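K.L.:
Protein chains in written order, with this note's numbering: chain A, 1 to 341; chain B, 1 to 341; chain C, 1 to 341; chain D, 1 to 341.
Bear in mind the hints are in silico, worked out from the structure with no lab data behind them. In this text the structure is predicted, and so the values were computed from the model without any measurement. Don't take each hint at face value.
Any copy will do: because identical chains look the same in the list, a pair fits if it lies in one copy or spans two.
Unchecked claim - With a cut-off of at most 30 Å between alpha-carbon atoms, the simulated DSS-like pairs for lysine-lysine come out as follows:
#1 K30 to K200
#2 K141 to K200
#3 K30 to K141
There are 4 protein chains.
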Amino acid sequence: MMIMMAPEASPEQIRQVVARLEATGTVHPKVVPGASQIAVAAIGDAAAVRGLGLQALDGVDQVVPLSRPYKLASSELSHHAPSVFDIAGRRIGPDTFCIVAGPCTVESREQTLRVAEAVAPHAGMLRGGAFKPRTSPFSFKGLGRPALEILAEARERTGLPVVTELTDLQQADAVAEVADVIQIGARNMQNYALLEVAGKLGRPVLLKRGLSSTLEELLMAADYVLKEGTDEVVLCERGIRTFETATRFTLDLGAIPWLKLHTHLPVIVDPSHAAGDRRLVEALARGAAAVGADGIIVEVHDEPEQAMCDGPQQLRTRDFPRFATEVLAHAALVGRRPSTG
Amino acid sequence: MMIMMAPEASPEQIRQVVARLEATGTVHPKVVPGASQIAVAAIGDAAAVRGLGLQALDGVDQVVPLSRPYKLASSELSHHAPSVFDIAGRRIGPDTFCIVAGPCTVESREQTLRVAEAVAPHAGMLRGGAFKPRTSPFSFKGLGRPALEILAEARERTGLPVVTELTDLQQADAVAEVADVIQIGARNMQNYALLEVAGKLGRPVLLKRGLSSTLEELLMAADYVLKEGTDEVVLCERGIRTFETATRFTLDLGAIPWLKLHTHLPVIVDPSHAAGDRRLVEALARGAAAVGADGIIVEVHDEPEQAMCDGPQQLRTRDFPRFATEVLAHAALVGRRPSTG
Amino acid sequence: MMIMMAPEASPEQIRQVVARLEATGTVHPKVVPGASQIAVAAIGDAAAVRGLGLQALDGVDQVVPLSRPYKLASSELSHHAPSVFDIAGRRIGPDTFCIVAGPCTVESREQTLRVAEAVAPHAGMLRGGAFKPRTSPFSFKGLGRPALEILAEARERTGLPVVTELTDLQQADAVAEVADVIQIGARNMQNYALLEVAGKLGRPVLLKRGLSSTLEELLMAADYVLKEGTDEVVLCERGIRTFETATRFTLDLGAIPWLKLHTHLPVIVDPSHAAGDRRLVEALARGAAAVGADGIIVEVHDEPEQAMCDGPQQLRTRDFPRFATEVLAHAALVGRRPSTG
Amino acid sequence: MMIMMAPEASPEQIRQVVARLEATGTVHPKVVPGASQIAVAAIGDAAAVRGLGLQALDGVDQVVPLSRPYKLASSELSHHAPSVFDIAGRRIGPDTFCIVAGPCTVESREQTLRVAEAVAPHAGMLRGGAFKPRTSPFSFKGLGRPALEILAEARERTGLPVVTELTDLQQADAVAEVADVIQIGARNMQNYALLEVAGKLGRPVLLKRGLSSTLEELLMAADYVLKEGTDEVVLCERGIRTFETATRFTLDLGAIPWLKLHTHLPVIVDPSHAAGDRRLVEALARGAAAVGADGIIVEVHDEPEQAMCDGPQQLRTRDFPRFATEVLAHAALVGRRPSTG
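Bound-form chain A, shown alone:
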């Protein structure tokens, strides 16, 4: 339920409403500022909310239902305005386009610094995996904590904020110490214990859609993070699993305009994992800009043939400037400027 406060409601009246909701023990209240009036979202036990008779309280305008299965991520909650985040000086929102670029995996200090410096002029953030979730336990799983230090050094040199994945809640503090944005990977999209920990770290979270998760499930997963206190969740479409095997996954670009109608959260696109083939990545990145994404996250390597992971899909550093220019041209057509520092 949404308790719409009257435009003239006092802070004390709002506190009253929140207090009554909290007293139920089964409702999660959240104050939502709007252009002309403040609302209090009351999420959880709707019967308990109705039982409180809040519409009779001073300062309450009306009580309306939240109609969707996702609540905190819903555009209903934001009065249908898109959220804008400032992340370490990079703006993510409807007027900008943010290119997150970097190697799939931090393989060495030299490789990471080389790639970071190559992408820095055009990218908005640096990506790089320290802990890699792998299908087989006998595959290379990343350098771990030493990789975090390398990413911190790359940030210092280039000024690029760092996006890196958290796979295990036992590493949460170590990752949060370095990361500007904490990535939750597709395989962990419904690892609810991890989502709740990620929501408590005080960092923005990049939440990737699961391989076969519906968009409603993605938004409910975002609710897990948002209810822990973080306001800044960025969604990421990265391809879904279908019968088609010509591409590694089927990139669902139709998800972007759908999400724009249903959530206030920004959405970026990962064309690298979906394509699984470097030759398709640029076309998909242009498509992502054209359908209205708020950015992309792409893998770049200086020697993809030598990469320890996902070599065939990583762009070459020497191709990156032209790549970025072309993608940003499509973003400009839909009113977005580059989200660089």
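Knowing the structure of chain A, use the given hints to seat chains B, C and D on it.
P.N.:
Okay, now just chains B, C and D, sitting in the frame of chain A:
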């Protein structure tokens, strides 16, 4: 197998090769002109071709295998150059972007003429269903033959070539008489009897991908049409069936760059059926242009609320000019001019 | 809508109702006998039916809606009783289990007769393809009409009724002359022109589920056949296309109990095409019997290694007797006796 | 790689091989006893294994590759014999059929004890959720630790071993204290941190297939658990996500015979979650027995209409005896006796 003729091979030498292949009874030969040399594709029984010892013939340079399961549609067959078609004065190929627009179904003379005139300044062709395949036999199935006459009249008034669907080989002649392009719908992509008839009508064919057909299967379906003599087959991605139900189908825009690597045939995109919701169509159409499609096919209606079929996904005629302008801007960025008359 | 006639309604009163429905021009009436009262199903334009005011007519008990998107196939139409068919002396229905067996393709007279004689003691019907739909136009497509004669000879020798596929309406009469049951393959499940022709041939129809057709779509496809006059449509689950490639298709055995709740038509299972691997076929056939299917259709070959089509999935004739015995034991547990001659 | 020891190899020679493999730092060695000879599986860096020249050591017969992407779960590793586990007196393996039954969620002491007592005569184990992973964070998530005490009491009263889910590694010790079998749910199948913790708890693990995980991925997930020391992993097919929505998920019964060919681990089936509808559960449970599963896990409630979770799919306690009898009859036909205490 491909028999690559020497650059200096004579027409008689080429005829010899073709004659030997035909004499096997199990091989389908096709002469393929190239920039510097002519090839003869020998499709079917590879063992029979090898048995002919063609590499010993005068004028034959070498015999190389066609490595893919699709043959006539393969980019291997075109020496990796994209095909360009001129269809009733409209160019379909790598330098142009063709917007095929019109109502889902021809509902009446007035509605069809109104829509045709509204789209004419920006569209390359007119679409409109006379025979509609419907999931239930008790749904409206189109006006049938009278609709063909209405489409012919709309063409006369606007100059737009007509694209309309063939659903039943018993209507093949009637449809071919009016249509400039014969559409084969998604549900008939593997209706091989219909494909073979369509290939014999002397008209270009627009072949839509089946709801759950792989891209390889789409190209093999194109082979069915191409082997009957038609050279002009245009492919159409229109969304595939996946677990996701937020959109009606999942538009597979990654299919476009993949097809560009693997076939010489043009590819257009149908954003209307994939989205099932007007509010998503423009974003997907822009995305189609950005990923490198050769055009789009969209449904437009003057009163979508009154449409007999698929109302919610049809664009409004009053929104069409702005829609077309925005989509063509993205096409221009990738080097394509409008394919108008 | 269903017009439920009073138990004492006269034939003339029923004719009256049918005549009024027909006079609308937009309604398809069908008389449905029941245990205690007769109903007239009025399919199509529900508004027109309501406009007739039939509940005021003598002999009419009440007018109730048909709530499902499929009509003639719905269990609502049969007063929730399963249909039982007698096909050339074989019973298909809730008390029997029919094993349809034979080669994928009729390759030669000798092979077909050998297989037919091997399966005759345990099978209820003989399957064999004369016309094979193939993904590539350059693959072997069956012997065509000569194969029909071979099947007729095999029937004469063994007494087994013949099931064979119709792929092209131009062959409808030739196939109907030989076939006891006309099969419509998965790729043609939504080839509506073919369904309508099949429904007019006066033969039972075996309708296979499309690779990615929902169960509701399967029942609406059955409606296409049923509305042409044939009452005997047998459905066939043969595996659907999913992300999993370990098996060729994913056999949806859950479809069987769902169909039993929603349609009166019999349902059989094709474990051969779903598995694509002989080693899995017996387990799936046992599973089909246990979930309540009315039969199975399996491919059997005397030398699968030499088969022209689908060799790896065809059972060996020498394994067939044991196979049939094991499957029939599971069928017996759910109250079904073998449907043999 | 597999190092096959000679039949006469001494324990010291085997220790030598293991020591050399461990010394590489990149290989995981595992001793695998067989009927006539012992093998040492060397999993991980194959190049390092080849570099050791083990075939020259005394006691080594030969070095052969492990050809599949999953290693410890592979039937290659078990010399193609199925594993048999004794879990708290219940036998899981090729000669038995184990029915795991109980409520979806532990809702109260009374409800749990009532259900446990009702299923005890026919079931092999008791299931019940203490911690429930829920798609929305605002849904009921189980009673938590108090539920574990209730399950322990139910075990004491009925003698049924307890299966319960671990969703968060922070609860690992609490769950392991009570559970006889630790369940990993479908959404956590690729939560690798959780798999590794589960593998260290000294308890058998029931690993459910992810909603859209391939069978190869399921076996690689099992490798994550097995490499931590647990030998007893039971797999569970519970339905995959496909385009079909008539049933909640598509139960992939073809997975069972495929898994029997490729892994030595037992496999059970969850028909309740796949069906999502009580009326389909019995048919699917019979099917599971007939295709060769080692058991089933089903949800049973005394008042499903009042259930806090998944009511429509829970069997009624009063129907359970007949249900179990029918399912066990199909299991008996394939040579399996009930796995009761």
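K.L.:
Take the hints in turn and mark each one as holding or not.
P.N.:
Hints versus structure:
{"no.": "1", "hint": "K30 to K200", "result": "within (16 Å within a copy, 40 Å between copies)"}
{"no.": "2", "hint": "K141 to K200", "result": "both (25 Å within a copy, 19 Å between copies)"}
{"no.": "3", "hint": "K30 to K141", "result": "between (39 Å within a copy, 20 Å between copies)"}
Violated hints are absent here; each numbered hint is respected by the structure.
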